[in-house]
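*Asks:* Each chain is listed here by its residues.
Number of protein chains: 2
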Amino acid sequence: MIKLAIDAMGGDNAPSEIVKGVNLAVKEFDDVEFTLFGDEEQIKKYLVPSNRVKIVHAPEALSMGEKDPIRTIRTNKELSLVKAFQAVHDKECDGVVTAGPTQGVIVAAHMIIRRIPGMQRVALCPAMPVVGGKSRLVLDVGANTDIRPEHMLQHAQFASVYLSKTRGIEKPLVGLLNIGTEPGKGRELEKEAFALFEKCESINFYGNVEPKELFTTPCDIIITDGYSGNICIKSVEGTAKAVGIILKEEIGKSFFSKIGYLFMRKTFKNFKYRMSGAEVGGALVFGVDGIVTKSHGSSEAMDFKFAIAQARKAVKGEVVEMMKTYLSLEEQNNE
Amino acid sequence: MIKLAIDAMGGDNAPSEIVKGVNLAVKEFDDVEFTLFGDEEQIKKYLVPSNRVKIVHAPEALSMGEKDPIRTIRTNKELSLVKAFQAVHDKECDGVVTAGPTQGVIVAAHMIIRRIPGMQRVALCPAMPVVGGKSRLVLDVGANTDIRPEHMLQHAQFASVYLSKTRGIEKPLVGLLNIGTEPGKGRELEKEAFALFEKCESINFYGNVEPKELFTTPCDIIITDGYSGNICIKSVEGTAKAVGIILKEEIGKSFFSKIGYLFMRKTFKNFKYRMSGAEVGGALVFGVDGIVTKSHGSSEAMDFKFAIAQARKAVKGEVVEMMKTYLSLEEQNNE
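Just so you know, the sequences run in chain order A and B. Taking my numbering, I'd label the letters of the first sequence as residues 1 to 335. Taking my numbering, I'd label the letters of the second sequence as residues 1 to 335.
A hint or two may mislead.
Unchecked claim - In silico DSS-like cross-links for lysine-lysine, where the CA-CA straight-line distance does not exceed 27 Å:
| hint | chain 1 | residue 1 | chain 2 | residue 2 |
| --- | --- | --- | --- | --- |
| 1 | A | 171 | A | 191 |
| 2 | B | 241 | A | 67 |
| 3 | A | 185 | B | 199 |
| 4 | A | 134 | B | 67 |
| 5 | A | 212 | B | 185 |
| 6 | B | 258 | A | 134 |
| 7 | A | 67 | B | 253 |
| 8 | B | 67 | A | 269 |
| 9 | A | 269 | B | 185 |
| 10 | B | 185 | A | 253 |
| 11 | A | 272 | B | 212 |
| 12 | A | 134 | B | 212 |
| 13 | B | 199 | A | 67 |
| 14 | B | 272 | A | 269 |
| 15 | A | 248 | B | 67 |
| 16 | A | 171 | A | 134 |
| 17 | B | 266 | A | 248 |
| 18 | A | 248 | B | 185 |
| 19 | B | 134 | A | 253 |
| 20 | A | 241 | B | 199 |
| 21 | A | 269 | B | 248 |
| 22 | B | 199 | A | 269 |
| 23 | A | 241 | B | 67 |
| 24 | A | 20 | A | 77 |
| 25 | A | 134 | B | 185 |
| 26 | A | 272 | B | 45 |
| 27 | A | 258 | B | 185 |
| 28 | A | 248 | B | 199 |
| 29 | A | 191 | B | 67 |
No lab work stands behind these hints, which were simulated from the structure alone.
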């Protein structure tokens, strides 16, 4: 049995949509047991009873607008998020799924579950839209603003293990995010990372990838530092927003276009949903000793179920165990 | 009379579309004289004769795929681009408009026209789409991968002068691109730049701007280093590409949607054009002693005319002169 901890109070639509997402997952996956951390009375309102679901009463939620998540998580052990992460640390659960605030999730992963021995930095890896039948991993997008090439290499190794174990991609192709494709492009960080990646045999290195190819590159994994990665995915988000505004303005300009829109309403809705990347699952925190999946803050039941499905696959694939073995072997080699 | 040098051989559609763009501009602006640098015979095929247009024979073009623009520009003085930039350096022209390759344009601006005394770094400032009635300036997007906070401040000052003189915005609002909005976010570079911008009285500082607000922020100007800026605008480009692919995939899925598309063909065309930012003009190189406007590589006549219009406004607004005065005053104050 796979054991997942669920932060039932995290996100804008908690607990109702979170619990409904769990209901869907209980039905779909018969190999998963759930522990829901949250307000027991509230949860019971929405929960379809099952012998694979239990509730741990934890009525306090980390606010989505929390300004100082480090301090709050350190001092308030009663938060549903803290208790859910604690269950992973204590090995009562294999992974945790939450729709809580990103910064809080990274902090809790880091401070409560803790890094795998030998893993030097954690990485945040968001859900990216499927384009051309493929969803690529981009990391780190914000766990570390300052990073060294060797940390980036570990991220590439972790992501490679993840994809091979969860999506069956045998040798995932790894690209390095950069401002040009030729070797020698970028800052010192990219030049050093390029040299390191090139001589590493445990990853399948492609070379530099410009963000204009973010959704068309043959790469499965795109590695960058947390600052550039954050700029990159927030630029994607900003552009998606601009697309919505410009399309609306253009549709408003012509009568024919308004008619066309009536025929295409569902298409636009699907388009918007696909751009969100939610169908892929949630964002992942790589590098800690357990699976951490963060569904987006405005998750509805179906989105949360996708995030659960993703966590299930990662636990089933023994991603963390593989990486642990890998890191300990590497350490022995270095000795 | 405003005197503009035109690189008639730059871009994918040179010289035909470039010359046609000049024809449009000659008709629209009676206060501009043009010197076209390129293959005389070719140019004459498309040019509507005018006493405000002359041709300087320079048949060699800088290839759009040029791998080593620094070396080529340094060694080949016969290139149409080199001759056009030289005319600005020699004060025969006030500005230059080209659709040549970006890297070549930055190199030529830097090496041939040269920086304004006191200006420590040049900056590349691309054409951004108009969203909500506003097109924002984002800079630097690639002239410098390593930059210091004081260079960023000069870029903010230059862009502020540019907007006040060309668009009549009295106190343009300046934002700092960052991964969070609160002061104290980002790397050391952003923290130091924030402190510097905050105490500078010659710019109207707004604070940090996340790229997800790139097209919705109230800011007129967004300042960043050349690496992050390049990642940002290429992510915009990559997303625009993904939008096209996903929309196509979604439209293909349903019969109704295909019908809707027939009604909306023109809307989608307009949308695509607006996303390109071409209606705003071209990319600008700030910091050199003359106006440099780079129209996009695949420019057609109308796009090139927009770039000419933009260069004309900048010359008319005496942007370079203003900045020179400003920098020399500042130097006196520092002495």
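*Asks:* Look at each hint and say if it fits the structure.
*Replies:* Tested hints:
For the hint pairing residue 171(A) with residue 191(A), the CA-to-CA distance comes to about 23 Å; that is within 27 Å, so the pair holds. Under the criterion of a C-alpha separation no larger than 27 Å, the hint pairing residue 241(B) with residue 67(A) is inconsistent with the structure, at around 35 Å. For the proposed pair residue 185(A) and residue 199(B), the alpha carbon gap of about 35 Å is over 27 Å, so the pair is violated. A distance of roughly 31 Å separates the Cα atoms of residue 134(A) and residue 67(B); the hinted pair therefore is violated under the 27 Å criterion.
Between residue 212(A) and residue 185(B), the direct Cα distance comes to roughly 26 Å. Compliance with the 27 Å bound is thereby established for this hinted pair. Pair hint residue 258(B) plus residue 134(A) holds up; C-alpha atoms about 24 Å apart against a cutoff of 27 Å. Simply put, residue 67(A) and residue 253(B) have alpha-carbon atoms about 43 Å apart, too far for the 27 Å limit, and the pair is violated. A C-alpha spacing of about 43 Å is found between residue 67(B) and residue 269(A), which places the hinted pair above 27 Å, so the restraint is violated.
Annotation: proposed proximity of residue 269(A) to residue 185(B) is violated, straight-line Cα distance about 34 Å (limit 27 Å). With a C-alpha separation of about 40 Å, the suggested pair residue 185(B) and residue 253(A) falls outside the 27 Å cut-off, and the hint is violated. In summary, the hint linking residue 272(A) to residue 212(B) is supported, as the alpha carbons are separated by about 16 Å, within the 27 Å threshold. Between the alpha carbons of residue 134(A) and residue 212(B) the distance comes to roughly 23 Å, so the proposed pair stays at or under 27 Å and holds.
A threshold of 27 Å between alpha carbons decides the hint, and for residue 199(B) with residue 67(A) the separation of about 25 Å falls inside it, so the pair holds. For the given pair, residue 272(B) sits about 19 Å from residue 269(A) by alpha-carbon distance, which is consistent with the 27 Å threshold. A hinted pair counts as satisfied when its Cα atoms are at most 27 Å apart, and residue 248(A) with residue 67(B) does not qualify at roughly 41 Å. The suggested pairing of residue 171(A) with residue 134(A) holds, with an alpha-carbon distance near 15 Å, which does not exceed 27 Å.
Between residue 266(B) and residue 248(A) the alpha-carbon distance is near 14 Å, which keeps this suggested pair within the 27 Å criterion. A C-alpha spacing of about 33 Å is found between residue 248(A) and residue 185(B), which places the hinted pair above 27 Å, so the restraint is violated. Between residue 134(B) and residue 253(A) the CA atoms are separated by roughly 17 Å; this keeps the pair inside 27 Å, and the hint holds. With a CA separation close to 32 Å, the supplied pair residue 241(A) and residue 199(B) exceeds the 27 Å bound.
Restraint check: the Cα-Cα separation between residue 269(A) and residue 248(B) comes to about 14 Å, which is no more than 27 Å; the hinted pair holds. With a C-alpha separation of about 46 Å, the suggested pair residue 199(B) and residue 269(A) falls outside the 27 Å cut-off, and the hint is violated. For the suggested pair residue 241(A) and residue 67(B), the alpha carbons sit about 35 Å apart, so the restraint of at most 27 Å is broken. A distance of roughly 26 Å separates the Cα atoms of residue 20(A) and residue 77(A); the hinted pair therefore holds under the 27 Å criterion.
As the CA atoms of residue 134(A) and residue 185(B) are separated by approximately 33 Å, the hinted pair breaks the 27 Å bound. At roughly 48 Å between alpha-carbon atoms, residue 272(A) and residue 45(B) are farther apart than 27 Å, so this suggested pair is violated. The straight-line distance between the Cα atoms of residue 258(A) and residue 185(B) is roughly 43 Å, outside the 27 Å bound, and the hint therefore fails. Between residue 248(A) and residue 199(B) the alpha-carbon distance is near 40 Å, which puts this suggested pair outside the 27 Å criterion.
Pair hint residue 191(A) plus residue 67(B) holds up; C-alpha atoms about 18 Å apart against a cutoff of 27 Å.
Checked against the numbered hints above, the structure violates hints 2, 3, 4, 7, 8, 9, 10, 15, 18, 20, 22, 23, 25, 26, 27, 28; every other hint is satisfied.
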